[in-house]
Amino acid sequence: MVFHRELKFSTTGRGTYNISQQVEHAIDQSGIQSGICQLFIQHTSASLILCENADPTVRTDLETFMKKLVPDGDAMFKHQDEGPDDMPAHVRTILTQNALSLPIQKGRVKLGIWQGIYLWEHRVQSHKRKVIVTIIGE
Amino acid sequence: MVFQDTIKLFQTDGGAYEITSLISELIAESDIKTGTCHLFVHSSVASLLIADFADDSMKNDTASFLADLVPSTDENSERINQGMNEFSVDMRYALSQNSLTIPVSNNHPGIGIWQGIYLWDSSQNQTERKITVTITGE
Numbered sequence: 001m002v003f004h005r006e007l008k009f010s011t012t013g014r015g016t017y018n019i020s021q022q023v024e025h026a027i028d029q030s031g032i033q034s035g036i037c038q039l040f041i042q043h044t045s046a047s048l049i050l051c052e053n054a055d056p057t058v059r060t061d062l063e064t065f066m067k068k069l070v071p072d073g074d075a076m077f078k079h080q081d082e083g084p085d086d087m088p089a090h091v092r093t094i095l096t097q098n099a100l101s102l103p104i105q106k107g108r109v110k111l112g113i114w115q116g117i118y119l120w121e122h123r124v125q126s127h128k129r130k131v132i133v134t135i136i137g138e
Numbered sequence: 139m140v141f142q143d144t145i146k147l148f149q150t151d152g153g154a155y156e157i158t159s160l161i162s163e164l165i166a167e168s169d170i171k172t173g174t175c176h177l178f179v180h181s182s183v184a185s186l187l188i189a190d191f192a193d194d195s196m197k198n199d200t201a202s203f204l205a206d207l208v209p210s211t212d213e214n215s216e217r218i219n220q221g222m223n224e225f226s227v228d229m230r231y232a233l234s235q236n237s238l239t240i241p242v243s244n245n246h247p248g249i250g251i252w253q254g255i256y257l258w259d260s261s262q263n264q265t266e267r268k269i270t271v272t273i274t275g276e
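Chain order of the listed sequences is R and H.
Just so you know, we're using this note's numbering here: the first sequence kicks off at 1 and counts up by one.
Just so you know, we're using this note's numbering here: the second sequence kicks off at 139 and counts up by one.
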């Protein structure tokens, strides 16, 4: 059985957004008990990550690390049509993940106790983001 | 239902090769309406990525960033003389992806309007690259 739907998110600018609940909800709707949940973000300046969900400073530190690794306005970047965060947002997306595959067991996403599913917005401005959920199983 | 085929790219010699239309053709051929499409590259130097390279400067900026992150060094020359890859090529490969999974929606790749699927070849050796495509769904 295949279940397919689109999830929509509004971000308020650069940062990480916990989307675990919306993913759980889609799995509930699918009725699938055992299988794979595939998430795919349809953008080139936002990505999907699994990250520790207990201490929010982990995600603050990830942001700090990325800012240092791919600095906004770096003179190396020629593509700056949409501002100093334009090309860095694309590079940050390439360095992280467009897609995640997660196991489903007994109708629930089988994550580790400290794992949360996050959408990582890399642009400074707010954006509307689409994530496609495909659940295959029985 | 499962459909599987192989894409061969001849004599890639470093850089990005767009394969989006090849993937679209295979999805059309598969007759699968809804599901996932898994790509796997059979190489230890070439990887797969999803990016917006609509404008050539974005491709060049990505290449500059990777070259800066993992620079080629003189120490590499000895490895090359021994017939091995330059270490920077191995490292860039480890930092990227050898497989990708994209959604299949209405018998088309369910990717965003600015997303393109690329083979990213870090090696300058002109070699054939093989990608196994597995489409699962109904």
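The reader is advised that the hints may include incorrect statements.
[To be verified] Ranges of calculated distance between the beta carbons of each label pair, as one might list FRET restraints: (1) R:G31 with H:G153: 19 to 29 Å; (2) R:E63 with H:D169: 42 to 52 Å; (3) H:T144 with R:G107: 14 to 24 Å; (4) H:D169 with R:Q29: 20 to 30 Å; (5) R:D74 with H:S159: 31 to 41 Å; (6) R:L69 with H:E167: 11 to 21 Å; (7) H:E163 with R:E6: 34 to 44 Å; (8) H:A205 with R:K67: 39 to 49 Å; (9) H:V140 with R:D28: 44 to 54 Å.
Hints in this document: simulated from the structure, not taken from any laboratory.
Here the structure is a predicted model, which means the values were calculated and not measured.
Note that the Cβ used here is the ideal one computed from N, Cα and C, for glycine as well.
message = Tell me the hint numbers this structure goes against, listed in increasing order.
response = 1, 3, 6, 7, 8 and 9
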